[in-house]
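Sequences listed follow chains A and B, in order. Under UniProt numbering, the first residue of the first sequence is numbered 1, with each subsequent residue one higher. Under UniProt numbering, the first residue of the second sequence is numbered 1, with each subsequent residue one higher.
Derived by calculation from the structure, the hints in this document are not laboratory data. Here a beta-carbon is modelled for each residue, glycine too, at the ideal position from N, C-alpha and C. Any given hint could turn out to be false.
To spell it out: a stretch of chain A is covered by chain B in this simulated footprint if at least three of its residues, at any positions, have a beta carbon under 8 Å from a beta carbon of chain B; those stretches are [stated by the list, open to error]:
1. 50-59
2. 81-87
3. 117-130
Estimated spans, in silico, between C-beta atoms of each pair [unchecked claim]:
4. A:GLN141 - B:THR176: 20 to 30 Å
5. A:PRO270 - B:THR176: 27 to 37 Å
6. A:GLY32 - B:GLU375: 52 to 62 Å
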Amino acid sequence: MSELVFDGVSVRYGTRRHALTAVDGARLTVPGGQVVGLVGESGSGKSTLARAAVGLAPLSAGRVLVNGTDTRRSRGRRRPVQMIFQDPYSSLNPRMTVAASVAEAFPRERGGSRAARHAEVARLLGQVGLDADLAALLPGQLSGGQRQRVAVARALAARPQVVIADEITSALDVSVQGAVLNLVRDVQRELRLTMLFISHDLAVVRYVSDHIAVMYLGRIVEVGPTEEVLADPRHPYTRELLAAVHGHTAGPRKDAETVTDTEPADPHHPPSGCRFHPRCPEGPAVRAEREVCRTDDPVSDAASRPRRTACHFATATATATALPERGLRDRVRENGNP
Amino acid sequence: MSPRRSPRSSPRKPHAATPRPRWSAVARTPLGACAGLLLLAVIALAVLAPVLWSGRASVVDTGALQQGPSGAHLLGTDNLGRDILYRVLVATRLSVSLAVAATLLGVSLGLVLGAAPAVLPRRAGRLVTSAVNVTVAFPGLLLALFFAVIFGVGAKGAVLAIGLATAPAFARLTHTLSASVAGRDHVAAARTLGVGRLRLLTRHILPNIAEPLAVNATIGAGASLLAFAGLSFLGLGVQAPDYDWGRLLGEGLDRIDLTPAAALAPCAAVVVTGLAFNLFGEAAAAALGIRTLRHRTTSPRPAPQAPSKGSDRKRESRPVLLVEDLQVALPGPSGWSTPVRRVSFTLWPGEAVGVVGESGAGKSLTAMAVSRLVELPAHVTAHRLEFDGTSLLGPGPRELRALLGTSMAMVFQDPMSSFNPVMSVGRQLAEVAEHHRRLSRRSAFEQAVDQLRAVRVPAPERRARQYPHEFSGGMRQRAMIGMGLMGDPKVIIADEPTTALDVTVQRQVLRLLDTVRTERATAVLLISHDITAVARTCDRVLVMYAGRIVEDLPAAGLLTEARHPYTRALLSAVPDLDTDRNRPLAVIPGRPPQPHRLPPGCAFAPRCPRSDDLCRRKDPRPVTYATGQRVACWHPVEGEPAPKAPPGQGAAEHGGPGPRLERAANGDVEESTGGPTV
Ligand SMILES: Nc1ncnc2c1ncn2[C@@H]1O[C@H](COP(=O)(O)OP(=O)(O)O)[C@@H](O)[C@H]1O
Ligand code: SF4
Ligand code: SF4
Ligand SMILES: [Mg+2]
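Let the hints inform the model, and build the full structure from the sequences given.
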């Protein structure tokens, strides 16, 4: 079991004047054999962080370590981190058969005979719940769910120590989503894989993950065990996310609602101080006395707060707005049965 | 109304149902077949003509110099008395093969230059790209002339000249095509596997751009033929005693007053052959869905229309949309199929109705059919299809557009494809006001800015001047809604408007739709595969399966009142924050049926935990309950809340119709879906 560590990772795109820091000094540990769920809105840098781990995005600072070894050292032959992509319609080469796609992922040093490779492909397809007959088909002949299973098989074929799953169910129907999630969970438990599971759906992340990390505008603003984060979210943004699932707004005031409707900040020009402050329902836009949010960056002393929360009021606000602990289920049930 | 899009471009493409079009499909289009035959004829001629007639073409007949057409010489003779018809026919081989050789040279060179940036180190790659970009800017013929002078006169020089002149365009094409393929996830996946650059190029990139390249090369061959004729005509190409069409044309032109045929024949040969190449290429491009170098197939945005004069505003009294027995039929390889079958529903002013179901259930097609955006060969029929009291079945496309004009707004999943990428967002919104309210340019723009503000686009004055790509996904979607609202629509049809967005932004867009609905009494038809989002936003939910509405119920009762096993299955497949993490998620076994292979009975029977013999034999008809709920199922679930366990574990005990069941007089679809429900 290998541990995946993001050690102050930054990824910058573009040149000096148009530079954009997609990921800014991210620190995150995925313990061996466990699943860390990464949530946050699009553009917050989730995928960039994932791509940095597999070498698809250039690091401008920091390191990505697998079992203490810098992943940039293990370039070449064998790649310890593998990734499963969001869109199963574009993540498989339409001109390569299922077998060819999976076999391409075999570690290079293990040559093996044709028959052995063939058997290995069949074994992997079986592992992801696909018929071995599918090996000869092209992706165009498969359904979305089947394609995503092939993508999982391909990732496993590389015998990775760590797997990153980036929004792997968001392009799928709910009926298929469940099956793919079950598969990923089973495979993860069976092979005791270390996994970073990215999704914008908190309910999905909760189902799969042991820990949850919340990302906002390139930074990780809260990390903790799943149950704890969901039961007692410390960062106002985490509370917003939860509220979105519950169908409520966290802030009790009307103006708080307007505040959260503000567009996400422009990553080219991140806000000063706390990056969430223009949208924060508990920040200076609503509470005038919280000027500190505009001036001081809460990330710098995040480590000293519980769950590394990047909010000056991480402890103070936790009780200020009690989260309505009701799901859609409860709400609708109430409406339905008065 | 907002831009039209063909139903085919629906972003959530259904799988397997549509195998990739192949080259044989080209021959099946009439244009493709004609052009193909023509091309074959030209090739046959190129092969055979010199064998058969080169003798006759070179016979010098001093007794018949420069004659006009006659029985002996159908097209007359040249200044040495040689037969012009034979000479034109024999010249086919040289003309065509030189053109093809030049094209091959151009394409190969272009391929190397265009693919180089993918393999070379970054710096070198950029150098190649900018060099290509510079040369592409020169007119091709000018380049050809320039090279022709450098390489000297003669066939070889001309081939080099034309080949080199076409290379930059192909290099650029290769480059853009491979850049777009290189951006796909399968290339990223290969890179994370450690696949080398060369293999990346040969296995993952080139095979995926081969088709468009071949098509463009065919079209390019037509252009080369023309260019070659030009060079030979100018005396820079083929030299005597060889002759191609260009040289024949040059000779013939001297005597065009005496014997026009001598010039017209090679001219016609060039035109026909060039056309054959071009048409075949274009037909192939059309059949294979490829963009060619010459016209980018961006469909023009239809100008927004003024609203119909006759539409008065007695909103409250009648439904905005009345759909009864809507059917959409599509031709397929195995005959006609009906992906939308007898769909009936009513949408009242200010009401929000959600449509849910798996992809391929016919949700989008229903929306397209209702807004009359389904194009031929699809066939739409309905018992009644009324918009605000006016039938949409009678009028032709023009009247329809005037009728629906701005009173029906469409919002799609990917607003990027609905906006004009080269026009500022504000301008696009203003255009609607210009046409619709006959405002001046200036005040229309002001209106647009106001509208952007109303849909909560921050800094609307500045944003209005920006282009669609400068907007974030959520903002673009709001601008799209804003554009729909410029016309003051009676209904907004939104097809998966938030699928590409994430939760927080998704919630904002849904909230916006909700605000619009309450403030303006605009009805909303929200299509989504996200049943939770629909439950939260809508008054009523229509559940679609295999082209049918299988259940129609109030959103508030979704979790407790849902009676159709499919609705129940959908609900329990969605994890929520209470889902037991130690048990596998509920799944719906199997897949929805393909529209052309529907089972005889209930379409859900193969996947349904409650199915029995009756279900497999007879298709259940929709039954309306006293509450207005409509369910099409022989054994609807009664009462108990949706099980969180996999379908079948716990829900299967109860069966049979409940006490409140009221079968309609004709046992068929009912119009009594009731007024606005809350
Ligand atoms: N233009 C078209 N040509 C052929 N088949 C089509 C076309 N549009 C839709 N279909 C078919 O109609 C069915 C319903 O599709 P669609 O309306 O897109 O479903 P949904 O929106 O629920 O995902 C699918 O089986 C699809 O393959
Ligand atoms: S630091 Fe201030 S603005 Fe930032 S999240 Fe905390 S309360 Fe909100
Ligand atoms: S009719 Fe039968 S098969 Fe169809 S949904 Fe109802 S119980 Fe299931
Ligand atoms: Mg659709």
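We went through each hint and held it up to the structure:
Counting residues of the segment 50-59 of chain A whose CB falls under 8 Å from any CB of chain B gives 4; the rule of at least 3 is met. Using a Cβ-Cβ cut-off of 8 Å, 6 residues of the segment 81-87 of chain A lie near chain B, which meets the minimum of three, so the contact claim holds. Check on the segment 117-130 of chain A: 0 of its residues sit with their Cβ under 8 Å from a Cβ of chain B, so the three-residue criterion for coverage is violated. Our hint of 20 to 30 Å for GLN141 (chain A) and THR176 (chain B) holds, since their Cβ atoms are close to 28 Å apart.
Range check, PRO270 (chain A) to THR176 (chain B): about 33 Å between beta-carbon atoms, so the 27 to 37 Å window is met. Between GLY32 (chain A) and GLU375 (chain B) the Cβ separation comes to about 55 Å, which falls inside the hinted range of 52 to 62 Å.
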